[in-house]
Structure formats: C-alpha cells, structure tokens
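Chains B and C: place on chain A using the hints.
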Amino acid sequence: MNRFALPLALFALLVVVLAISIRHSPDKSLIVSPLVGRAAPGFALPSLTDAQHRVRSEDLRGRWYLLNVWGTWCVECRAEHAMLVDVAHSGVIPIIGLDWKDEDDRALEWLAQLGNPYQAVALDHDGRTAIDWGVYGAPETFLVNAQGVVVYKLVGPLTRESWTREFLPRLPRPAGVGF
Amino acid sequence: MRRAALWIAIAFAMGGVTLAYGIDPTFIDDPALEARYLELTHELRCMQCQNESIADSPVGLASDLRREVRTMVLAGKTDEDVRNYMVSRYGEFILFRPRFSARNAWLWLAPPLFLLIGLIVAVRVVRQRGKLAGSDPDVLNDDGLA
Amino acid sequence: MLPELGHFALILALLLAGLQAFFGIAGAHLRRDRWLAAVAPAVAGQFVMVATAVACLVTAFVSHDFSVRYVAENSNSALPLFYRVTALWGAHEGSLLLWIFLLAGWTLAVAAGTARLPARFSARVLGVLGVVSFGFLLFTLATSNPFLRLIPAAPDGRDLNPILQDPALAIHPPILYTGYVGFAVAFAFACAAMLEGRLDQAWARWTRPWTTSAWAFLTVGIALGSWWAYYELGWGGFWFWDPVENASFMPWLVGTALVHSLAVTDKRGLFKSWTLLLAILTFSLSLLGTFLVRSGVLVSVHSFAADPMRGIFILAFLVVMIGGSLALYAWRAPLLRSSAGFELGARESFLLFNNILLVIAAAIVFGGTMAPLIADALGLPTLSVGTPYFNPTFLMPVLPLLALLPVGLHAKWKKGRLRESERAIGVTLAVALVLSLAVSFGVFAQAKVLTLVGLTLGPWIILSSLLDPLDRWRRKLSVPRAVLGMAIAHIGVGLFVIGITVVQSFTEEHDVALARGEAASVGGYEFRFGGVAQMEGPNYDGVRGSVVVTRHATALGTLYPEKRRYWVQGTVTTEAAIQMNRATNLLIALGDDLGAGRWSVRIQVRPLISLVWLAALVMAIGGAVAGSDRRYHLAARSAAAAAAEGAKEAAG
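Residue numbers (the working numbering), protein chains in the order written: chain A, 1 to 179; chain B, 1 to 146; chain C, 1 to 652.
Here chain A stands alone, though its shape is the one from the complex (with noise of 0.2 Å):
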C-alpha cells in the first residue's frame, strides 16, 4: 500500500469515531451508574413525616420499591411531581423519598401542597446516604428488586415516557395497561 495514503486511512477511522460520537450526544449524560446489577447501599435515616421512626433500608427487603431523590430546591423535582403522584396512585409499586440536603420545614410545606406520593420519606441532610447511593443530580429514581438488588436508574424527571419504556417493562409482572 501507499504509504502516502496513511493519513486517508486514519482520517476515515477517525469519521466513523465522530459518527458514533454524534449519534450517541443526545444519551450523552446517560452515566451508567455501577450501582446497577448490585446491591442497593443500606441506610437508616430519620423520617420527615414521623419523629418516632427512621426509614430502614432492611424494613423493605421482600418487596419491589422505588427510591426517588429529590428536593424543593430543584426545579426539575416539581415538574415530575404530578408523575410520580400518578405513579403512587397506580399502586404499582411503592414509593420511598430521599429529601435530599433539604430543610424539613419546605419539604412538608411542598408534601401538603403537591400532594405525597411517598410511602416514606427519608431525610438525608448531610448527604452521605445520596454519595453511597452515587447520585450526582436531584431528581434520580432507583428501581430496587425484592431482592435488595438496583435493577434500573433513572437521571432527570420521571416522565409517562420514561416510565412506560424504562420501568413498566422491569418490573416482575405486567401491571396494567396504559401505565
């Protein structure tokens, strides 16, 4: 071969890299998190809405759960409210909270205003509980099998989308039409 025609031969790999790259961009922000295929890491965490108890990681083995990350202070929480409202009514699956680095007070306020999805709230005030759980952008949503295992991330807002194509199709059995 022509040596000359080296460079061609590199600059024509070097497209199909940039293709990829550019078909790939819209799912850029997509980080597969290591989480998944793993245990859920456990926690024990005050509750906002009972002084008494503390939501424990251990109390939700055995069943299918959904951990949501949010916060009054992210505007993207409140545009997926009303889902994940929607989602809490299907009785699908239940729903835990994790107010994350939030302030009690607001978080109740936006709970009796928007309405509670949540079958608990857990309050992660130092954020410790959201490092372990490698969440880097409120709002994240976490499918967690019976067996404790992450099955599923989701980053950003919780659409009817997202969650016909993404969680529905994860879950052990078909739970009903249209949602």
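No lab work stands behind these hints, which were simulated from the structure alone. In this text, a Cβ means the ideal position worked out from N, Cα and C, and glycines have one as well. Possibly wrong hints are sitting among the right ones.
A short, non-exhaustive set of chain C residues, derived as facing chain A with CB atoms under 8 Å [claimed, not checked]:
| no. | residue |
| --- | --- |
| 1 | Leu-373 |
| 2 | Ala-377 |
| 3 | Leu-380 |
Leaving out everything else, chains B and C in the frame of chain A:
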C-alpha cells in the same frame, strides 16, 4: 436538546452558582495529609460540572465529596481506598486519571508506543539521508535565513 | 431592515465564495487565464459583503435591537457599549461570523501578497480559500444564522454571559481565530502545490511568512485564554487540559512543527511531502477543534451547544475538506522526491527530531481528548481524562524536545560537525546547571528532580539562543530578522520552561476560614481578613472583602476579592483579587459565608506565574519578527521576475 436544557437546569438547581467555586475551610494540620487531600480532590471529577475537579467546584455535591475525602484521609485510609470508594459509587467516570486496566490500557500504552514509532522513523530517515549526504548536489539555499 | 440586509449580504458572500473557488481552481486547471481574472474581484467583493454583515450585526447590538434573536440572547440594555460590540462573538452564531470575517480579511491579504506569484498558483491558493469560506458560509446560513428575527421582539435581552464580560476574553477570540484562519492560508498553499503537482524551495519560502504570522497569533490567543482562565474562573489554575483548550493547543503543536519543517524544505528542499502533510494537519486540527467545541460531542454532561444537525454538517464539511486534501495528498505526495542528504548531528536531523516529538505531543493530547469518544465507539464505559493523565504523558516527548533544542541550535546544515561546538554546548550547560542549583536551594531551599531539570533546561535554552546573534554582532555581521526572530522565540521557550517549572514546584495554596480580624499565613505572607462589604456595579451587585497583606511585618497593600451576582442571569462569579509582589502572584478568592462573619477564603501564592504568559508573548514576538524578514518578500518579487522571464522565453 431537551437533555441539555435539563442539565443546565440541574446545574442551576444544585449550585445556583455555577461560576463561583468551592472553598471549604479544609486546613488539615498535618502537611502530608493536606497534600494528599489536595492531590485527591484534584483527581476526582465533579460529576455535575464541565471538566472541573471537586477541588474547584462550587456545587454542593462537590463540597460533600470533599468532606468525604477529608474524613477518609484523616481516618488513615489510603489513596486507593478513597478512589475505590468513589468508583464503587460513581463509576470510573469520576477519575480524571483513568486506571490502568484491560479496558484503559490502550490509553496509557499509546504515549510510549508513539515514542517508539517516532524513534523507528527517526532512525530510518537519518540512515537513509546519511547515505545520500556524501553524494547529493549541494542545494543549500544559504542566504542567512534561518 | 438592517438584519435582513446582513442576511442578504451573507448570501451574496456565499455566491462570491463559490465563484472564487470555481474560477480559481477550475480556471487554473483548465488553463483559462481569463477566468483567473475574476478571482481577485470575487475575493474583494466577498470581503465587502462579509464586512457589511458584521456591521449590520454590530449595529443591531449597539442599538439594542432585541427583535434579533441573537442580540436578545446575548445582550442587555444595561450592558456597557464595549461588551455590546464584543458580544458579537459571545456565542456560537456570532463566532462563526467572526471566523468568516477574519478568513475574508486574510484572503484579501493573500490576494494582495500573492499578486506577484505565478498567476495560476495564486488563483489556486485563493480558490482553495474560497472553498473553505464557502463551507463556513453555508454552515452559518443553514444552521447558525445570527440574523434570525424574534417575533414579537423581546422587551430586553438575556445578557452576555457574565464570564465573557471581561477585556481579555473580549479580544481572545479574534486573536485566536486569526491564528486558526491563518493556518488556512498554509493549507491553501499546500493544496495549490498538490493541485499543481509541483513543490520547490520557492514554495516553502512563500509559505513561511504566512505560517509564522498565523503561529504568532495562535500563540497570543492561547496565552490570553489561559490568562483569563487564571483570574476570572477564580480558582487560580491556568491550564486545565479542557477539551476546548486542547482544541486550540493541538493545532499549535502541529503548527510549531510546520514552522520548523518549512525551514528545512526552504533551505534544503527536503521533507517536502512531510511539510505538506503538516500544513494539512494543522488546519484540519483547527477545523476538528471547531467541530468538537461546536457540536457538543465532547462537553461531557453539559451538552450546552449539543445540536446534532450542526454536528452532522460539520462532520460532512470535515470529510470534504480534510478527506479531500488527504486524498489529494495520497495521490500527489509520491511524486515529490528529494535526493538531498544529511548526517546525524546536522541541523536537519535536529529539526527532524523536533518534528517527530512535536507531532507525538500533539498525538498524545489528541488521544487523551478523544478518549471518551473512542471508548464510546468501542462500547466501553465512559471515562474521564484530565490533568493527572496529561501532565506526565505530555512530558514524555516534551522533555527530550527541550533537551535537544540547545544542542540543535549549534548544528550546521548538512554536516554533523557538532564537535566544533562542544565547548559552547558544555559551557552553557554548566552555567545553566549552576543557576538551577542556586535558585532551587538558594531561593526556595528545596528541589525535586523535575524542578532541577526544568530550571537547568530553561537557562540553557536561553543562553544557547543568544550565542548565534551575539556572535554575529561581535563579528560586526548583520543580524537578519529571521535569525533574530528565531532567537527571540527560543528565548521565549526558555522563559516558559523556567516559569512553568517554578509555578508547578513552588506554588502554595490553602483554603482557610477567616473571621474579621483573623489572619492566615501562607508562603511567608500574612493575610489579615477585614470582613466584607456590600457593593454594586453597572449590571451586578455583590460583596467585596478586604484582605491586608504583610510580609516580614511590612504592609504590602490591601486586596479586594469580590463575589458578584449579575442581575439578568442571576449568575454568581468570583472575582479573585490578585497582586503581584516581586514576580510572585498573590491570589485571594472569596468562598462562602460560613455565618457569624466567617468566610471561607482561598489563598494562593504563585511565584513567577506571569512569566508563563510573558514567555508566550515573547515567542509570538519572535514569530512576528521572523515573519517580517524582508527577504521573504524579496523572494516573492524575484519569483515574479523569474516567472515573467519564463513567460518571455516561452513567448520567444
């Protein structure tokens, strides 16, 4: 596009301040530990930011992660412990210095490989031109232009 | 009306660029000399049209025409006049327009400068520049039109990004782009030579001043960007190996190789195909940089400008421009042969090593910058590549490069007679070594191996660069500008090495919590915090702290770090306070209010950091001096004479 907008929104929601930066009163009395703390925080990526380390980022999460690093360093954990802790939560993406592993080997082997190729080329060209040096017509354009 | 006029002018410019490309390339190829006559007027017309478009957009900015979407997005009624003008290139669409404007300007200069060169060659050069311009104009009109209207008009604008409201960053893009675009000229010369199938030493001589000037601009542009990052981004770093920075650094590295390789092609008629390849690569990397920055594929989680349409368009443009020129290269380069030889130790051999090492350095930066994309293409998990990767790997080729420089400066063309300079090399090295030990242990009382190496290499390079001009001066010989420029540029390299070594080795940095009246001591300086006060600017408010600096009980002054909140976007910026004391930069930045009057404060003592930017400026001055050597222009004149002579002979 929607995702980009979302990320900007998140950045705003999280930090509010995207361009100020994180400063904690992190003075650690032991200079050796302080040095390790600084080095480690400069090696870890702020996941919400554009190419910033947690040492330089103003967002809340970066400050939380700095606190974790500080606690671990003070508790006598090794640098590798800290990295493992971060990678097990956030993935390899959080490391600005990719680890040498089967997947990343090409990245670390490329520079020495480039140097080797360069050396081979240099030797070949010098040999080839050296043979011509005695016999070629003198085409030196010697007018002092460097 | 004016925005529509600007839009229309851009369309006309597109047509003229098309004519320029067609008549230039086809006219030369088909030997229709009458077609060639249309090229220069097309160039001039295109410049006028692009200038009109720029004037229209500037007018829209200055007169607060918020019915233009681009103005509404990047200006505000409270924005000062200076920034209303520079807001022109404050975002994507306007920067493209600036790029096109500078290209039109360079093309006009090339048309004037090559008027004395053979007509077909000149036409080909202008034709290739026309293709580049056509591509950029088409891109702008198709995906990034700055003249789009906003109906109904916005009541007020969303303001220029506050971090761009800064004098250094206001002039950084035009200078940087002047460098990028200047390499388009070298690229066009290379393509013209390949189209012609002929490349001689005269070609290299014509190309050199253009390339050297472009290189000087790019050098200043990068240095300005780094300076801005240092004081505006707030945390005191000056180079982050950010994809955007790397995008400008890669063409600089390969462009530096090109400047040196052109010297060999000019003097000895050697490395012809290699020089062509470097000319193509330098410009290709400028284009690729534009692609990476503008398409948003590299900007990790924040895909600010992620617009797949733009990405696809630029990729197509890259395939046409880079792919086309590399295909031309694969076809034509084998024709270029040289029978010249040189010995090991001759100047050619050192320039060969210089080129190989610079290209390796560029390849390393390229690999690291592209790594996330390559991993993605291979289906591997996303990874991050940052400073801890780049610093050590980049040194691998650069240390030998710097070590070979002072030796190579003594080398003669063709013959490897280094022994004759043995003494000069040894003496300069010994002096540098003594200096290095004295500075490390005398001033800073400590040293790591790399510190000693850097502090030896820097002075050694400077001393060696001085020898040739001094020798000429002592023997009462003239010192041509090309020689002088080279010496200055290399002294710049030496200064840069010293600066970067001292900064990297001896910076002290601490984050501390201070209440009013408390003091912290860093690097032998005492910093006493005087609390913060509210303040207000033209389009922002915020707080200003005061810190009194003393050293050995002598007061050095008061620093006022600020935290500003810009009203329109609500963005908070950190304005670090910087004071220079005996070549050491003291930097103080305000962090957060910790309550009860306590603030977190970052204190950084960076010795000799200004030398890093100063050195880059010295390098650029060297390039400007060398590029202005009159004999390059005389060479062009004699080429014109020879061509006329040749024509006469052919006629006779």
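Taking the hints in turn, this is what the structure says about them:
no.	hint	in the structure
1	Leu-373	holds (4 Å)
2	Ala-377	holds (4 Å)
3	Leu-380	violated (11 Å)
Hint compliance for this structure: hint 3 alone is broken.
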